[in-house]
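**Student:** Here's the letter readout for the chains.
There are 2 protein chains.
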Amino acid sequence: MSRRQITGFSNPTVKALRALRDKKHRKASGTFLAEGLRLLTDARESGHLPEVLVMAEERDPHALLSVLEADVLAAGGEVIETSADILSKITGKDNPQAVCGVFAEFDTSLAALDRSAAKIWLVAQALRDPGNLGTMLRTGDAVGAGGLILIDDCADPFSAEAVRASMGAIFTQKVAQARWEDFLPWLRSGAGQLVAASLRDAVPYRGAPYAAPCFIMVGNESRGLPEEYELACDLWVTMPMKGRADSLNAAVAAAVLAYEVLDSLGG
Amino acid sequence: MSRRQITGFSNPTVKALRALRDKKHRKASGTFLAEGLRLLTDARESGHLPEVLVMAEERDPHALLSVLEADVLAAGGEVIETSADILSKITGKDNPQAVCGVFAEFDTSLAALDRSAAKIWLVAQALRDPGNLGTMLRTGDAVGAGGLILIDDCADPFSAEAVRASMGAIFTQKVAQARWEDFLPWLRSGAGQLVAASLRDAVPYRGAPYAAPCFIMVGNESRGLPEEYELACDLWVTMPMKGRADSLNAAVAAAVLAYEVLDSLGG
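Note that the protein sequences, when read in sequence, are chains Y and Z. According to the working numbering, the residues represented by the first sequence are 105 to 371, in order. According to the working numbering, the residues represented by the second sequence are 105 to 371, in order.
Where hints are given, some of them may not hold.
Intra- or inter-copy, both count: the list cannot distinguish identical chains.
Unchecked claim - With a straight-line Cα cutoff of 27 Å, these simulated DSSO-like cross-link-like pairs (lysine-lysine) come out: (1) K127 <-> K197; (2) K278 <-> K346; (3) K119 <-> K193; (4) K346 <-> K128; (5) K128 <-> K197.
Since the hints were derived computationally from the structure, they do not count as laboratory data.
Given only the sequences and the hints, what does the whole structure look like? Please build it.
**Tutor:** Take a look at the structure:
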C-alpha cells in the first residue's frame, strides 16, 4: 500500500478510522487507534507497529516520527497524510496529536499469559471506567507487573480513553479478558496467590504474607467484588480508612497494594 | 420557600439548576450540585445541608431521604419534587440519581486552613482532570488528610465530575485554591514539609524522613511540576519505576505517597 494523501472528510478510510471510536467497529475490524508520537514510539520500541500510520500534513519534523514512518513502510504498512481537521475528526479531539496509528488488537486469552513472567499481576472485575482501566495498566508497567486480567464485563482496554490513560502501557503490559468461571480454574491450575482488599478476616496490607505470583484483584467501582469472588481469595488485606469513606478509587487501591507487594516481594 | 413541584422543562429553576454544570454559573451563583442520596447523606453528616433539595417524584421511600428532607426544610431550605426526565436534564445523566442538592461553595482561601489539624495535606499543581481531583479528595479522606490545596489553574473542585469522583470527600476535606506565589509564603509562615516525587537528589519514598504536617505535592498530568516548584521542596522522593514509563497517574502517585506517609507518621 505504502503512502497516500487524503483530503476529503467523506473518504471511506477516514470513516473507517473514525469508526474505531466505537467498540463494535473495533471488534469487527480487530484493530484499535492510539494517538500521539510518544505512545506510538513506546509501541514501536515494544515491538508493535501500526498497520496504518496517519500524520498531519502540517506537522513539525521529528526524528522519531521519521523512524516510525520508515518502519511502518518497511513492514508493509500504510502511511496516510491528511489535514489537522481530518485528524481531529478521526480522533474526536479538538486539538488532536499530529499522529495516530491503527494497531491490530492483541490476543487477550488467558492461555496467552505466562504467569511465571512476573511476580505481580493485576486483576479487575467489572471495571467500568476506561480511565481507571488505563491507569491500572500504567501502574502495572511501573511496578513491573506482568499484565492486567479483566474479569467479567469490563470497559474495553482498546478504547481510546483506556489507551490514552495507559500512557503506552497497553503495549507493554499483557491484557487478558475472561469470565470468572474461566479465570478461577486457570488460576488454580498453577501457582498464584489471589489477594483482595476486604474487611473479611483481613490482615493489615503492610507486611501481609504476599507470595509470588501475586494476583491483586479489585472490584467494580460502585459495587466492589461479589462475595463469592472475595471468598475465593487466598489473602484478604485491609488498608487504613481514617475518614468517612470505606473504600478507595479502584485504580488507587490497586496501586497502593501493588507498591506494597513490590516492596514485599522485591522488584 | 419550603416545598414545591416542578413539571415543566422550561421552568426557570430547572434552567438555573442545569446551568450549574457550567463553571461560570457556579461561580456567579456561588453554588454547586451534588447528586445521590449517599453523597447528600455524607454531606448532612458532615454538617452541610443543601440550600435546595431536588427529588424525583417516582423515588422509592428511604428513611435517610426523609431525614434529609426534614433537615433541609427545618433549615429554611427548599425542597423540589420533579420528574425523572427533568432530573436527568438537570444532571445531564441518562440515569440520574433520584435526588440531588444545591450547596453553597465553601471558602477556599488558604487562610481558612488550620495546618495543625492534620499530619498530611495533599497539594496539586495545575491538575486538569476533575476525576483526578475528586480521586485525590477521596484518598485524602481515606488517609485522614486535612485537605487538598489546588495550586495555579486546576480543574474546578465543584464540578459535577470532581464532586462525584470525591465520593463525598468534597464535604469532609478542606479545599483551598491559591497561586504558587501565595502558597509558598503561606507554607513558610508555619511548620510544614513540602514533598514531591522527583528524580532530583531523591531518596526512596519508603522510609524517607517525612515530618508532620507533610504536604505531598503532585504536578500537572502532562508536564509534571515546574522546576522552580520542585526546587522549593524540602524532600524529594522516588518511587520504583520498573517499566517503560517514568511516571504514575497524578492521583495514583499522591495516593501511594500518602499511604507511605501515613505509615511513617502514624494515623
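**Student:** Reference check for the pair K128 and K197, CA-CA at most 27 Å: within, between, both, or neither?
**Tutor:** For K128 and K197, both the intra-copy (20 Å) and inter-copy (23 Å) Cα distances are at most 27 Å.
**Student:** Is it within a copy, between copies, both, or neither that the alpha carbon of K278 lies no farther than 27 Å from that of K346?
**Tutor:** between (35 Å within a copy, 15 Å between copies)
**Student:** Given identical chains, is K346 near K128, meaning Cα to Cα at most 27 Å, within a copy, between copies, both, or neither?
**Tutor:** The answer is neither: 43 Å in one copy and 34 Å across copies each exceed 27 Å.
**Student:** Between copies, within a copy, both or neither: which fits K127 and K197 at Cα up to 27 Å?
**Tutor:** Classified as both; 17 Å inside a copy, 21 Å across copies.
**Student:** Tell me, please, which holds for K119 and K193 at an alpha-carbon limit of 27 Å: within, between, both or neither?
**Tutor:** Classified as within; 9 Å inside a copy, 31 Å across copies.
Hint violations for this structure: number 4 only, all remaining hints satisfied.
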